[in-house]
Amino acid sequence: MFAYIIRRISYALPILVGVNVLTFYLFFVVNTPDDMARMHLGQKHVTAEAVEKWKAAHGYDKPLLINDDVDGIARVTETIFYEKSVRLFAFDFGFSDDGRDIGHDIRQRMLPSLAIALPALILGLLVNITFALLMAFFRGTYVDVSGVILCVVLMSISGMFYIIGGQYLLAKLLRLMPISGYDVGTDMVRFLVLPVLIGVVSGIGSGARWYRTFFLEEAGKDYVRTARAKGLSEPLVQFRHILRNALIPIVTGVVVVLPLLFMGSLLTESFFAIPGLGSYTIDAIRNQDFAIVRAMVFLGTVLYIIGLILVDITYTIVDPRVRLS
Amino acid sequence: MIKPVILWTDGLLFLLTALVVVFILYARGKPHIRQPWARIFRGRIAAASVVVLSAFVLVGLLDSIHYRLPLASNGNSSETHYAVEVLSVLDAVTGTLRTREEKSYSAPFATTLYVKETVDQPDGTQVRIYPRLQFGGAHLGDDLAYKSTDIMMRSGVSLLETLLAGALITLSLAWLLSLRHGCTARDMLRRILAGRTDVPWRVILITLGVLLFLIFLVANLASVYHVLGTDKVGKDVLYLSLKSIRTGLMIGTLTTLVMLPFAIFMGIVAGYARGWIDDVVQYVYTTLNSIPHVLLIAASILMLQVYVANNPELFETTLERSDIRLLFLCIILGITSWTGLCRLLRGESLKLREAEYIQAAVSFGVSHGRIMTRHILPNVMHIVLITVVLDFSGLVLAEAVLSYVGVGVDPSMNSWGNMINGARLEMAREPVVWWSLLSAFLFMFTLVLAANLFSDAVRDAFDPRTTDQQRD
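Going down the list, the sequences are from chains A and B. Residue numbering for the first sequence follows this note's numbering, starting at 1316 and increasing by one per position. Residue numbering for the second sequence follows this note's numbering, starting at 102 and increasing by one per position.
Because the hints were derived from the structure by calculation, they are not lab data. Please note that a few of the clues may not be correct.
Below, in silico cross-link-like pairs of lysine-lysine (BS3-like), each with a Cα-Cα straight-line distance of 30 Å or less [as the list claims (entries may be wrong)]:
#1 248/B to 217/B
#2 217/B to 333/B
#3 204/B to 1487/A
#4 1487/A to 336/B
#5 336/B to 204/B
#6 452/B to 1536/A
Sequences are here, hints too, so could you generate the full structure?
And the structure:
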């Protein structure tokens, strides 16, 4: 098992290198640091000195790949590529363009993101499985057909309307909870109810419909026919045979997103003013803070790859037919 | 003379339309291609959604024929100058909808502004009143009580027009079909009305009727009222929503057009050639897929912004600038979304290359290129089609989110995302300005719902797995 994990991680390294090179190319070669400096300082009447000063202040004043001014190992380390890209591998994110420690910000903002994403994921999973089971149980009847149509209708509504509608209806008209905001301690629950609820509701359409196909696929298999043929009751077939086998794709689908929960949701966090990583990213994009966007691209990739590795491991645990090889 | 303007996205959209037309002409003589399509059109829900989608596409196409009007010449120069403003055929069709701008917010069918303003009276005093709109309900004069009667009258006229046009369409359809089936028009009409036709004409006619009624209603009412209100700078929300259709369609279709050649080529080559080519392709798409898509899009759009800001001389009008950004957004979205299709195609080609007919082709000495284009490509086209149709609605929805994040289409461009973004803050004010949001919601919802229902039908008709189940 251990050797297998090590091998999977070593497969991931080339991908991380690729992502790193790609972001480096996007951020430093397509547009040079000079362009960035001019953009930040405003377009008109930017003197060369001002550009140099901005670059020096943010550490962009070194050569891109090879520094000819110094000797030895510093030829490679005293460059933008080493300082801004290679260091990411040690999770050293450096400083944002307005001088904040990105690593510190990320550590602080992970938890609020998780506080919303995790309950929403678990509740959403329960609700979706329940609906999907219901539709699969009544397959072919009006319950199933109207359920599928309802799912398609729910899927066709943009996530932003769920948020705006929920905020307006529940928070503004009915005054059940605050419209937006965040707090630590027990007060947190008050603020979290609405975003979690909306997260669950907005996911029902695609989730339930997707899971329904898993259940139907399992229900068509031979072992289910055997179970029915030997006279098992329908609930027993549904829960012991179909549900347990259909859970395999569902569980692996969930595991792959688990690490990404730290990244939070851009929309939810920004609409509800939650100080998580999602709103951090959105603010960075709006303020054109390239350092933060670069850090988030790297972090997101790492988390995604961790998710993929976790999926492989989960497969071997939940599905005995899969062997490590 | 007007001067036609062909934007990049216009050209690509017309290329796409031409491709679709060529495909239809090609498929007409091929029963095996026609058969699954015929099955789609036999479904009632699918047929209705096709009608709705066609209406959207028509508006989008009309809005993609751009031109610039000549300015009045001053006589002494033979050279004509053209207005900076680029118009489209849709602007001409909707008449004065574009130019009837109020001062600020006004509710649907309102005759006054939404907020009180201080107005100078002729006698020098000032009062705070809701000022009358310049255009909305201006024909009523001072007789404001007449408004509801006026709206009723106009709706009634629209209903009559719809019934008339509907009857005309139904009769001509019955006549045309009777020519083809060799029965009397009366028989055909009876069959259509009873819903006993292969293609569900009754459903199609009802959907068309509803659409026609909406069109007539809007045509009769929008010429004198702001049917969906006006936005912050007084623009008619109905006009904005109609103009946004083009943006949504562009994002949904051009993205696929941009990524298709890439995904098809890489997928088939990787699956067919295997070996190191396969490894390279797999590495490329795993890497691209590992980056969270929003972030990759954000990073690329930020870079484009820097580029445009530093090279302003390349873009003549603001429309051209926003057009380039739209095209670029489509390309970026294409880069992030080709990976899924590529993986599917690679898997399918891996499977197909072992099939007996491919082995036979190999032993006949058919070249690799010919095997891939003649034997593998046609047999993976159903996957391509399903993916394209499934992706469409997701892309339309993604546009709104990206515009909210600030990396979507240009802020000056009409799009549902920009409408939501602008209206979102107005939810906090009292009383609420709700109509922009509602219009964006209704238009988006209708398009996405129709697309989703249509894509379900396409998947059912083309996916071999589902058709097998139906045959059991």
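Problem set entry | Hints violated by the structure (numbers, ascending) | none
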